[in-house]
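Trainee: If you want the building blocks of each chain, they are given just below.
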Amino acid sequence: MNLFEEGLNFNFDVLVEWLITGGLKIVVILIAFAIIKPLGTKAIEAAINRMSQQRNIAEGRNKTLQKISVNLFSYTLLFILIMMLLSAVNIEIGPLLAGAGILGLAIGFGAQGLVSDIVTGFFLLIERQIEVDDYVTAGGYDGVVEEVGIRTTKIRSFDGTLNFVPNRNIVGVANHSRGNMRALVDIGIGYDENIDEALAVLQKVADQFAEDERFVEGPNVLGVQSLGSSDVVIRILGKTENMEQWAVERDMRKAMKEALDAADIEIPFPHQVFIQKES
Amino acid sequence: MNLFEEGLNFNFDVLVEWLITGGLKIVVILIAFAIIKPLGTKAIEAAINRMSQQRNIAEGRNKTLQKISVNLFSYTLLFILIMMLLSAVNIEIGPLLAGAGILGLAIGFGAQGLVSDIVTGFFLLIERQIEVDDYVTAGGYDGVVEEVGIRTTKIRSFDGTLNFVPNRNIVGVANHSRGNMRALVDIGIGYDENIDEALAVLQKVADQFAEDERFVEGPNVLGVQSLGSSDVVIRILGKTENMEQWAVERDMRKAMKEALDAADIEIPFPHQVFIQKES
Amino acid sequence: MNLFEEGLNFNFDVLVEWLITGGLKIVVILIAFAIIKPLGTKAIEAAINRMSQQRNIAEGRNKTLQKISVNLFSYTLLFILIMMLLSAVNIEIGPLLAGAGILGLAIGFGAQGLVSDIVTGFFLLIERQIEVDDYVTAGGYDGVVEEVGIRTTKIRSFDGTLNFVPNRNIVGVANHSRGNMRALVDIGIGYDENIDEALAVLQKVADQFAEDERFVEGPNVLGVQSLGSSDVVIRILGKTENMEQWAVERDMRKAMKEALDAADIEIPFPHQVFIQKES
Amino acid sequence: MNLFEEGLNFNFDVLVEWLITGGLKIVVILIAFAIIKPLGTKAIEAAINRMSQQRNIAEGRNKTLQKISVNLFSYTLLFILIMMLLSAVNIEIGPLLAGAGILGLAIGFGAQGLVSDIVTGFFLLIERQIEVDDYVTAGGYDGVVEEVGIRTTKIRSFDGTLNFVPNRNIVGVANHSRGNMRALVDIGIGYDENIDEALAVLQKVADQFAEDERFVEGPNVLGVQSLGSSDVVIRILGKTENMEQWAVERDMRKAMKEALDAADIEIPFPHQVFIQKES
Amino acid sequence: MNLFEEGLNFNFDVLVEWLITGGLKIVVILIAFAIIKPLGTKAIEAAINRMSQQRNIAEGRNKTLQKISVNLFSYTLLFILIMMLLSAVNIEIGPLLAGAGILGLAIGFGAQGLVSDIVTGFFLLIERQIEVDDYVTAGGYDGVVEEVGIRTTKIRSFDGTLNFVPNRNIVGVANHSRGNMRALVDIGIGYDENIDEALAVLQKVADQFAEDERFVEGPNVLGVQSLGSSDVVIRILGKTENMEQWAVERDMRKAMKEALDAADIEIPFPHQVFIQKES
Amino acid sequence: MNLFEEGLNFNFDVLVEWLITGGLKIVVILIAFAIIKPLGTKAIEAAINRMSQQRNIAEGRNKTLQKISVNLFSYTLLFILIMMLLSAVNIEIGPLLAGAGILGLAIGFGAQGLVSDIVTGFFLLIERQIEVDDYVTAGGYDGVVEEVGIRTTKIRSFDGTLNFVPNRNIVGVANHSRGNMRALVDIGIGYDENIDEALAVLQKVADQFAEDERFVEGPNVLGVQSLGSSDVVIRILGKTENMEQWAVERDMRKAMKEALDAADIEIPFPHQVFIQKES
Amino acid sequence: MNLFEEGLNFNFDVLVEWLITGGLKIVVILIAFAIIKPLGTKAIEAAINRMSQQRNIAEGRNKTLQKISVNLFSYTLLFILIMMLLSAVNIEIGPLLAGAGILGLAIGFGAQGLVSDIVTGFFLLIERQIEVDDYVTAGGYDGVVEEVGIRTTKIRSFDGTLNFVPNRNIVGVANHSRGNMRALVDIGIGYDENIDEALAVLQKVADQFAEDERFVEGPNVLGVQSLGSSDVVIRILGKTENMEQWAVERDMRKAMKEALDAADIEIPFPHQVFIQKES
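Protein chains in written order, with UniProt numbering: chain A, 1 to 279; chain B, 1 to 279; chain C, 1 to 279; chain D, 1 to 279; chain E, 1 to 279; chain F, 1 to 279; chain G, 1 to 279.
In case anyone wonders, no lab produced these hints; they're calculated from the structure.
Heads up, some of the hints might be wrong.
Unchecked claim - In silico PhoX-like pairs for lysine-lysine, Cα to Cα no more than 20 Å straight-line:
no., chain 1, residue 1, chain 2, residue 2
1, A, Lys277, C, Lys277
2, A, Lys25, A, Lys63
3, G, Lys42, G, Lys67
4, G, Lys277, A, Lys277
5, G, Lys67, B, Lys277
6, F, Lys277, D, Lys277
7, D, Lys277, B, Lys277
8, B, Lys63, B, Lys25
9, A, Lys63, A, Lys37
10, F, Lys42, F, Lys67
11, B, Lys239, B, Lys254
12, C, Lys277, B, Lys277
13, A, Lys277, B, Lys277
14, C, Lys277, D, Lys277
15, G, Lys37, G, Lys63
16, D, Lys204, D, Lys254
17, G, Lys257, G, Lys204
18, D, Lys42, D, Lys67
19, G, Lys277, F, Lys277
20, C, Lys277, E, Lys277
21, F, Lys42, F, Lys63
22, F, Lys277, E, Lys277
23, G, Lys239, G, Lys254
24, A, Lys277, F, Lys277
25, E, Lys239, E, Lys204
26, D, Lys277, E, Lys277
27, F, Lys25, F, Lys37
28, G, Lys254, G, Lys277
29, G, Lys277, E, Lys277
30, E, Lys204, E, Lys257
Pulled out of the complex, with its shape left as it was, chain A reads as follows (with noise of 0.2 Å):
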């Protein structure tokens, strides 16, 4: 059929200019891909690595974080670049862009806890918030940290169990190993005592507590906290070396109740006034 013939005739002239076109096209997307690639990943790595020594990050998070960037990064080349490359030879890609993207807005909502973790765990890292062996209370765990990962930190707790925090849960973190503790003991002495007296055996045990070495600043009786329902509260407080409060804390209870016993200050129990009265 002649009819036929020419269709197929006109479709091989489109065809070729088709190939022709599409090909110079494919060209000079890849010199440009090809060129953008390197020079990508370079600027990446040196900005991560400017930014690791102005924060002075460890070199093994250093590489971590370059690697993630660089990949990222990759991927996202690759996908545009299979886009590009389809849309220059003319095939619709209407359609793979609508599958990528139904899928990429299911996965979206679904996945924003992922992108969460990541970005949380980028900055976690950069800001150094977070380092292992500290004693941190995070996302509702309280522990020390043995891992802090892109996705997930590891918090040991003080009873062994190993706890896994994503990262996107910790949203304040409380980190106990910076800088000095405070050491604070709270006693309670009777009603009838002498508060003066009191405060002057107090002090006394702390003056010889502020000669501890794991003391930074000498404990210090504050004065009467509180007038309590039976006690009259004294409040001692000094500054310790990180880690060191509760070890104190318990030195400073135990020498301030045997001061106070030999003084003869009482530390009273629940008091209750009883009125009798006939049924």
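Position chains B, C, D, E, F and G relative to chain A; hints supplied.
Mentor: Using the frame of chain A, we list chains B, C, D, E, F and G on its own:
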């Protein structure tokens, strides 16, 4: 009618041309897919295999991950293939896409929980946060893991209940089966007792337990943990083999109570001071 | 008017051409759908049948799942068919789609709960987390399951209330009807009692219960669970047939109380030490 | 000016052509709608009728559902009709749609609660979770249902308050008017009493109540529910007619208290052991 | 330059044609709007009037609703008109729409609360859930309604505070001013008292109150509500005029206390059994 | 090369034409904006002026609102102007818009809080819910308002703390400075006292206070508010000048305590009945 | 082949034309950007400088704000520039945009927290809600501010912990370092004491403290704050220098306790009335 014939004619030409161009496109598309499908499948399987070896993941779990990933890849590819074929033969795929889009949006909103389950499940498996027979606290449940699925994790509670936890609810995992645990006993002695003596008695018991092979790090008496309203609380702490902590604590409580009894040191009941007043 | 006639003429040509091309397209579309509809239905039914057999799902439930899936498929197909027919005859379907889109968005936001219900319900059925007559805790309700629907689950509480729980609220299922349950009794003895003697007495009772066929794993006395403010708490633990745990616990409590009475071991009331002071 | 005239001329031709093509399209569209409108209405009414019969829904409620569904259908159809007519006469409907879209989005965000109300209300009616005069707990309110609307449910609390609950807040319904209820009485007897004797006395009372016609399943003494700090708690349980449980429980409490008094079995006050100590 | 002139010429032709076509379109659009505006306004007013009559809504509130609805309609129409005019004269409205879209999205996210307020306010007015001078509990506040606005509701608390509640926070309304209220008094009598006698005494008081005109349904003694730790609690219940319940309860409490005193039936203080033990 | 020259030539023509058409469009656009800008500004200022007068808003606040509104209007107009100019000269504004769109979306998500702040702040000002020096409870803070800003409200707490509350957190305002406040005193008398006598004594004190000018509505004794475990609680209630309620309550407590002492009516301590039992 | 050659020829023409038009556009675009970049930078810096001067913001913080703003501006400009250049040379930028869009959406969802942090941080700096060394309560943490960053604020708790608070969590700031603070002491005296006498004694102590220079507004005895179950509570209130409130309160508690002791006014222990009853 001539007019009709002409219309038909014109239409026929277009139809033929349409068939030929369409046919060519279809062939190209099918070939492309025939190449991409097995390559993609291979790549995915290889990637998961490599990851499994690196992370020491069991064969069965490896197969599960491969199956899920390949399935996902196949369905996406199929969807895109159909879209491209329809588009190649010039049939309006707009409506199809729109239909899928609206449906997708509706489902996306409703089913993001499902995607969340799978994403979290994926990481639970990969990062080995949870393993079968671990004793964990996760998603508000507490017990021994019976199965870690891609959507749901089954936890057997202590009382025998089987809990099905959608993975998305597992926001943080407290894994109690990773390493030694701490045994902790608090014992209160009377305010009138000599603290040093009590510490000595308790330390002696602790030393006996230190030889118990369930202990990894012998229990020690730490000191005065708090000055309670009726007793002076002393804390004993040690490190035990995993899962032995409860039995050890039970034994220590019994031994220490008996030691204090023997040494005639009182574990006091709540105290109260009574002041009689005439009504 | 000539001008009018010409316009009409031109228009008529276009109309005829429009009718023919449209007609051809319509025929192609209808044939495609006539093929896809039964094939899709068959495929869905077969898939659900296969899944049901693998997972041991009852015939009735199988039918429900098939009906829902096929319905969903049919409505989606119908919607796409109408869209494509309208588009084939060149009528602007933009407005239709836009109308559906806005409506869809509004409904999507409001009805995501509904989709959530169905997705969750689907998995409740497939994964057999809940079955009729199971005793479960789910969505804040506690009771025996009367019906598991695709949207709502009916739970009969112990007090007779019938609870309708939308499936989306079932974030975790605690199923108390899967396997043996544990019976646990805590009994406090006086601080003055000999612990070893008490343990012996209680173990004897436990041994008697071990022969009770409701017990799967004979109850055992574990030891000193805690040193309470007035009593030494001893824990007894055993494994029972499902749903027998409450009756068994009641029987054990009675028997142990009577055994301790017989052995003259005190279950103490709260104790308090009184110190009289003159006002 | 010639130029002007030509422009006008050209324009006039276009106008005429525009009027004719537009006119034809309008006629087609109007005919289509004239057919779809009554058919759709009929279909919706029939569907709801059939559903109502299957589910035994009252006539009045049936009409309400029909009215709402048909209204929704009509407004959507009208909106689409206007859009298609405007588009047929070639007036840019983009702006209109955009206007509606922005408005729709804004309203969609704000009014999703409303859609949620209606969707939930629809299922409350269809699934008959709530009926007028049921005693329910829903959306945080507790009382007798006065009206179930498509948007709001009215619940009359026990104290006389009328509560308006938007349906979306009804996340789970506890319906206390579906079937028999359980009456449960816990009674504590002294630690010194003979448990077997007490069980016998209470069972005798229970047996008398078993003849009470308000009981569906005679009350039974279950056994020792717990060993309280001052009493041994015994549980009695029975099944009663709906809404009779409170009166029955009140009667049982009185009868059992009197029976225990008659049998000289003590219902103890809180006990405490006093240990006198010199200060 | 000739070239320039030609360009200008060509441009001029286009301009003229543009002016004429544009002019025609503008005229058509303006006429359409001139017809739609008053018709729409009338329709809205009529609809609200009809609704107001059916629902018995006060004149003032009717006017408020009309004003708000007509305003909303006018602004939307104006926006669409401007868009269509600009589009008719062929000026790119894409940017305008995009600008409005981005702004709209930003505002939409931020202002959805506002839309929510208005939607809820609308239904509060229409469904008459709240009226001025009602005593209600809504949005966490409790008091007498001073004003129901389209955005905010003003509630005067009992202590005199004026609370401004955004309508969106009113998720459920407990309206205490719709119908009779219940008066409820619980009175505890001693365990040693004769319950029947106490019931008789209390019923006599209740009978006297039954003649009080504040009571709609005479108070009745229901029976033993609970067996407390020190007393047997008896419940009396009645129905009163709205807002009289508190005064009535106060009067009943006084009368019943005096009646029990007169009949020598004890309202017991907390009881405790003391067991003396030598230390 | 001739080919090049021709291309250049063709291009030159297009360029010239492009410049001319573009120029004309630009002129039209600029004129339109030159007209709209001042008109819009005037209109906004007038609208806010009118609103301010109607609502009695202070001059300073009026100026703030005008400034914010005009700024917002100007920036939006500028954005649209730039878009339209670029579009008029045929430069692709798609990328620009897309860039702005992505940025806008990201910011929109993050900054919706900011928009929320401003929208709420706007209504706080307009509806005069909060004014400087009012004593309010809002956003979880309680104190005297120091400043109401468009983004943040400053509240000075009673203890001197200055609280910065983002307006979006102000979900409901409890304004304690709008009208008279209620003073309420609850006093418990002994169970053995004559209630009528006590009511008389307290009413006499209340009558004396009725003459205190701080009272707007004399305090009254309401009656028996509750039968407590050890006392009969009587309530006295009155209306006072704003902010005088606390001082008045303090004075009333002192006066009533002294009046009851004088009349020898007991304000009882907690009571308890002791039953001695031999161990 | 002639056909090929022709295709090539045609293609070559197009290529040349494409190069020329593209080149012209590129030049225009580059010039436009070369002008906009420095102008925009200058404008931003000037705006921030002016704002800083008006608000008295420190130089260092000023520089930080400038750097962040200029960076943001540069990256946005660069992104747009690349898009426009690609578009100018006619390369399909759809795919690029789509890629960026999907990525952007995913990141947008995950990273909105980050944007939120920056927006809030910006306002914390600008509105000077928080300054280094202020004592604040923010985001659930309580302590002295060590650093206010654009993303995180560091707060040092009283116990020495360093808390990292993402700015978005700072929903309200309670700044305790802005102005004088109130010192408040509540002291309970016995029911048998003469209230007037106690008020006089306490006022005398208060007057002595009024001369203490830490007091800005001398402490005053307000009166009877409440009638407790065992004591009459009297409140003393004063205004102190910032941060002196705790020390002052401690001193006042001690002085007042001693003054009441000296005046022989009792600070009572909890009271209870005992009624002995025979068992």
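Trainee: With reference to the structure, classify each hint as holding or not holding.
Mentor: How the hints compare with the structure:
| no. | hint | result |
| --- | --- | --- |
| 1 | Lys277(A) x Lys277(C) | 18 Å, holds |
| 2 | Lys25(A) x Lys63(A) | 37 Å, violated |
| 3 | Lys42(G) x Lys67(G) | 12 Å, holds |
| 4 | Lys277(G) x Lys277(A) | 10 Å, holds |
| 5 | Lys67(G) x Lys277(B) | 75 Å, violated |
| 6 | Lys277(F) x Lys277(D) | 18 Å, holds |
| 7 | Lys277(D) x Lys277(B) | 18 Å, holds |
| 8 | Lys63(B) x Lys25(B) | 37 Å, violated |
| 9 | Lys63(A) x Lys37(A) | 19 Å, holds |
| 10 | Lys42(F) x Lys67(F) | 12 Å, holds |
| 11 | Lys239(B) x Lys254(B) | 18 Å, holds |
| 12 | Lys277(C) x Lys277(B) | 10 Å, holds |
| 13 | Lys277(A) x Lys277(B) | 10 Å, holds |
| 14 | Lys277(C) x Lys277(D) | 10 Å, holds |
| 15 | Lys37(G) x Lys63(G) | 19 Å, holds |
| 16 | Lys204(D) x Lys254(D) | 14 Å, holds |
| 17 | Lys257(G) x Lys204(G) | 13 Å, holds |
| 18 | Lys42(D) x Lys67(D) | 12 Å, holds |
| 19 | Lys277(G) x Lys277(F) | 10 Å, holds |
| 20 | Lys277(C) x Lys277(E) | 18 Å, holds |
| 21 | Lys42(F) x Lys63(F) | 13 Å, holds |
| 22 | Lys277(F) x Lys277(E) | 10 Å, holds |
| 23 | Lys239(G) x Lys254(G) | 18 Å, holds |
| 24 | Lys277(A) x Lys277(F) | 18 Å, holds |
| 25 | Lys239(E) x Lys204(E) | 17 Å, holds |
| 26 | Lys277(D) x Lys277(E) | 10 Å, holds |
| 27 | Lys25(F) x Lys37(F) | 18 Å, holds |
| 28 | Lys254(G) x Lys277(G) | 42 Å, violated |
| 29 | Lys277(G) x Lys277(E) | 18 Å, holds |
| 30 | Lys204(E) x Lys257(E) | 13 Å, holds |
Hint check: violations occur at hints 2, 5, 8 and 28; the rest are consistent with the structure.
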